[in-house]
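Protein chains in written order, with the working numbering: chain A, 40 to 789; chain B, 297 to 377.
Treat each hint with caution, since some may be false.
Here are the simulated lysine-lysine pairs, DSSO-like style, with alpha carbons at most 27 Å apart [as the list claims (entries may be wrong)]: (1) A:Lys199 x B:Lys328; (2) A:Lys204 x B:Lys328; (3) A:Lys621 x B:Lys328.
No lab work stands behind these hints, which were simulated from the structure alone.
Keep in mind that this is a model prediction, so the values were computed, not measured.
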Amino acid sequence: MAVIEENPGYKWVGTRPIRPDGLEKITGKAQFGADSILPGMLYGSVVRSPHAHARILSIDMSVAKSMPGVKAVITSADFPDLALNGGSAGDIDMSNNVMARAKVLYEGHVVAAVAANTREQAKAAADAVIVNYEVLPHVLTVDEAMADNAPLLHDGMYTKGIDPKPEKPSNVASRVVHERGDLDKGFAEADLVIEREYTTKPVHQGYIEPHAAVADANSDGRAHIWCSSQGHFQMRAHTATVLGVSPGTIKVTAAEIGGGFGGKTVVYLEPLAVRLSQRAGRPVKLVMDRDEVFRASGPTSGTRIKVKMGVTNEGQLTAADVWMGYEAGAFSGSPVGAAGMTVIACYDIPNFFVEGFDVVVNKPRVAAYRAPGAPMAAFAVETVMDELARGINIDPIDLRLQNAVVEGTQASYGPKFPRIGFVETLEAIKNHPQYTAELGPNQGRGVAAGFWFNAGMNSSATVHINENGTATVVVGSPDIGGSRQSMALMAAEELGISYENIKPVVADTETVGFNDVTGGSRVTLATGAAVVDACRVITADLRARAAKTWDVEIDDVEWVDGQAQHVDGSQPPLSLADLAGKSGRTGGPISATASLNARGVGAAFSTQLCDVEVDPETGITRVIRYVSAQDAGRAISPAYVEGQMQGGVAQGIGWALNEEYIHNSSGVMENASFLDYRIPVASDLPMIDTVIVEVPNPAHPYGVRGVGEVGIVPPMAAVANAISDAAGVRMKDLPMSPVKLLEALNEKGK
Amino acid sequence: MARVHLSAGLRDLTGGVANIEIEASTVGRLIKSLDQMFPGIGSRLSEGSSVAINGEILTDAEYEKIPASAEIHFLDILQGG
């Protein structure tokens with residue numbers, strides 16, 4: 040670990056205790072989304088479109104309804120049409136993605152759902168629902184969707200961000216622009232200009248646990264949902280919107296979650312399960328299989344990106360011109376906005392023009408995926424940076440150091456950076472032994488860097504002191520990356536008691552205050568701040584209770600190492616257990632709640648180093664060594680921080696080398712299984728070395744920045760740059776599969 | 297007096313104006329003032345933006361107080377994964 044500022048004597052923060060959820064997970068007791076079973080529960084099955092784009096002419100449910108065991112069949116007619124009820128554009132799209140209305144916009148789009156006594160009966164009935172379609176022409180890529188006279192997904196879509204407003208609708212939902220300086224002047228000042236074009240394919244988050252929901256609706260209009268998600272409050276709100284009811288009528292219990300990476304911030308099954316349960320009068324369980332996860336839950340965007348950058352012979356970047364088209368899937372909302380803000384955010388470039396387009400296509404609606412939008416943009420810019428460095432014969436890290444943003448730099452997306460640790464991550468990689476280690480035949484080395492904002496948003500937490508002086512920390516942030524441990528460590532530090540004496544709990548939507556999703560790398564920062572605030576209320580209360588016990592002023596009492604001490608030592612200390620055991624005599628139970636909209640979000644940077652070996656006979660690339668250096672601010676739980684860093688790299692390597700959605704000419708996905716959509720397995724990866732850089736975020740009580748996302752930003756460029764170093768070919772299309780690399784090698788050999 | 301920086305994506309509404317100085321006590325009042333000067337920008341900023349005040353990015357910042365001589369940037373709403 041590279042510590043830039045010394046740990047100020049923490050006892051628990053920064054340690055590696057046993058994870059609080061470990062025992063239940065390794066013994067199989069942990070309850071995931073599909074594990075809930077209720078008395079009388081029915082099983083659901085979903086009818087999905089076989090077409091990429093089609094008009095729904097009719098749906099005949101008569102046969103399905105008469106089949107054995109069938110208790111309910113629903114279509115869009117069972118949901119309010121938000122377009123007629125004053126719904127926002129975003130809510131209308133969300134509702135139409137949950138259940139198609141009038142048109143299906145991608146293969147896998149839901150058109151009906153069934154509940155029956157058994158899974159087999161539900162599946163058979165779903166197969167018996169007869170849907171008549173008028174098949175429409177479709178578009179699958181940015182190029183197809185932006186072409187003149189392209190088939191339109193939405194007749195009323197007029198591109199936002201263009202002046203004057205377009206006269207005709209198109210598949211381009213919006214345009215984003217960032218610019219500074221004089222582009223022509225910047226390129227004129229450059230000694231070397233590199234211009235390249237890149238494409239990336241949609242890739243899935245690849246969480247191991249499929250989407251699952253169980254709903255139990257009561258006759259009084261209330262419902263209880265158990266589901267796997269990154270935010271049960273968001274599931275509650277979105278389900279209520281789709282159903283047209285008050286969020287207060289829905290209770291959501293967060294199941295354990297088997298991965299999300301942004302993809303479980305979206306509602307798919309929950310409204311269907313509630314409506315089926317209401318129609319059938321019994322609980323209903325819906326579980327996607329892997330095929331459905333691929334075809335119908337959000338991957339991230341496929342993209343086309345053009346980058347032109349200039350540099351002087353002395354290594355000064357002078358200009359950048361970037362064009363980006365991001366697939367949104369069937370409804371607007373690709374992460375091109377974030378891509379535009381992150382694409383050159385690592386560097387202080389005086390002249391730039393960044394333009395991005397949010398483009399709808401006949402594929403599943405994209406969902407967030409770790410640092411949404413940034414990885415594809417970094418793939419393009421960071422490979423151009425590598426070419427620039429080689430072109431002017433300068434070390435690639437030195438080129439980045441020379442142009443790196445630091446505290447006070449005006450970010451390309453607007454404001455000045457507060458304290459950040461980008462330079463420190465670059466130096467950590469440059470000083471790492473692997474950076475100068477000898478390479479063997481057919482081996483090459485690449486570096487790349489990445490930036491992500493991180494997020495704050497709303498969190499609540501409650502801390503209860505039990506009668507024996509132990510504590511329960513209650514949060515509403517589903518734990519997808521170790522947040523329960525981080526919460527317990529910060530609470531232990533604040534209260535001065537052992538980590539083992541703290542029980543962190545993720546509570547349901549009726550038991551704890553509102554929390555935004557577990558996403559944006561925000562929970563350790565924001566929910567952690569709520570936990571710290573609640574603990575500080577409690578320690579102030581404990582001092583007051585000790586003062587009452589001793590009949591002294593509160594200012595005469597300090598809270599030190601988990602006990603109240605009189606400032607002059609005239610009283611024997613009172614431990615938390617002492618005060619908790621007699622709390623009835625000093626004011627009653629000890630408990631505190633804190634809620635906040637987190638401030639002081641700390642930006643994250645990562646620099647990564649990749650060594651590969653390329654087989655020139657087969658085109659297979661093997662990653663043989665990998666180092667990731669990332670500024671965590673302060674690593675509350677270093678083991679989990681390392682896990683986040685390694686996880687981002689592992690997913691990025693898969694994105695770089697193997698993963699892609701493959702659609703046939705009819706717009707049907709051809710590789711909707713983990714057999715054909717190949718994510719990396721352990722044997723594909725080396726041990727990923729991690730260097731936790733700690734440049735504390737001055738705005739957080741423990742210096743936290745957030746670590747969950749930025750690690751996936753650099754890997755594709757790092758791998759591409761290493762392949763170039765090994766094989767002498769520049770790969771500009773992801774994935775860099777053996778077939779493509781072999782073609783490039785053959786082309787080079789001609 | 298706050299110095300407000302308007303991104304290129306907003307300049308279809310501002311007639312090309314990129315920077316402007318405005319007296320406003322809160323972010324909400326600032327947006328109202330901007331909307332009076334550039335009709336239509338208010339809804340765009342209220343629905344689709346975060347705001348950075350002296351470098352600190354905030355969401356749901358309508359009632360956030362604006363310090364004297366603050367640097368204000370409006371940013372796209374960010375989606376995290």
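Each hint, compared with the structure:
A C-alpha spacing of about 21 Å is found between lysine 199 of chain A and lysine 328 of chain B, which places the hinted pair at or below 27 Å, so the restraint holds. Distance hint between lysine 204 of chain A and lysine 328 of chain B is fulfilled; the C-alpha atoms sit about 23 Å from each other, no more than 27 Å. Simply put, lysine 621 of chain A and lysine 328 of chain B have alpha-carbon atoms about 55 Å apart, too far for the 27 Å limit, and the pair is violated.
Checked against the numbered hints given earlier, this structure breaks only hint 3.
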